[in-house]
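Each residue of the sequence shown is one higher than the one before, counting from 1 in this note's numbering.
Rather than coming from a laboratory, the hints here were simulated on the basis of the structure.
There's no promise every hint is true.
Only pairs whose alpha carbons sit at most 35 Å apart, straight line, appear in this in silico DSBU-like list of lysine-lysine [claimed, not checked]:
1) 3 x 16
2) 2 x 47
3) 3 x 33
4) 3 x 47
5) 33 x 2
6) 33 x 73
7) 2 x 16
8) 16 x 33
9) 33 x 47
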Amino acid sequence: MKKDIHPSNYREVAFKDMSNGETFITRSTVASKETIELDGVTYPLVKLEITSSSHPFFTGKQKLVDTAGRVDKFMSRYGNRIKR
Numbered sequence: 001m002k003k004d005i006h007p008s009n010y011r012e013v014a015f016k017d018m019s020n021g022e023t024f025i026t027r028s029t030v031a032s033k034e035t036i037e038l039d040g041v042t043y044p045l046v047k048l049e050i051t052s053s054s055h056p057f058f059t060g061k062q063k064l065v066d067t068a069g070r071v072d073k074f075m076s077r078y079g080n081r082i083k084r
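All chains should be built: construct the whole structure from the sequences, respecting the hints.
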């Protein structure tokens, strides 16, 4: 890293996913009043509702909806009513 380009409060911060309890550490400038101790080191704590470890898109649990099939089914049932 180049010197003197980062803000003075650029430090390691713990982010905790509240939906599954997973915690990860990265560097950030985010302000936090809470702290957490991990492996004997105290980090500022930022609580998140959803992260890549719990988001359905990234975990592979996202449901795919076949909208084209539903539209075709609707049009075959009710499409002729529009053509009066």
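Hint-by-hint comparison with the structure:
no., hint, result
1, 3 x 16, "holds (29 Å)"
2, 2 x 47, "holds (30 Å)"
3, 3 x 33, "holds (27 Å)"
4, 3 x 47, "holds (30 Å)"
5, 33 x 2, "holds (29 Å)"
6, 33 x 73, "violated (54 Å)"
7, 2 x 16, "holds (29 Å)"
8, 16 x 33, "holds (14 Å)"
9, 33 x 47, "holds (11 Å)"
In this structure, only the earlier hint numbered 6 is contradicted, and the remaining ones agree with it.
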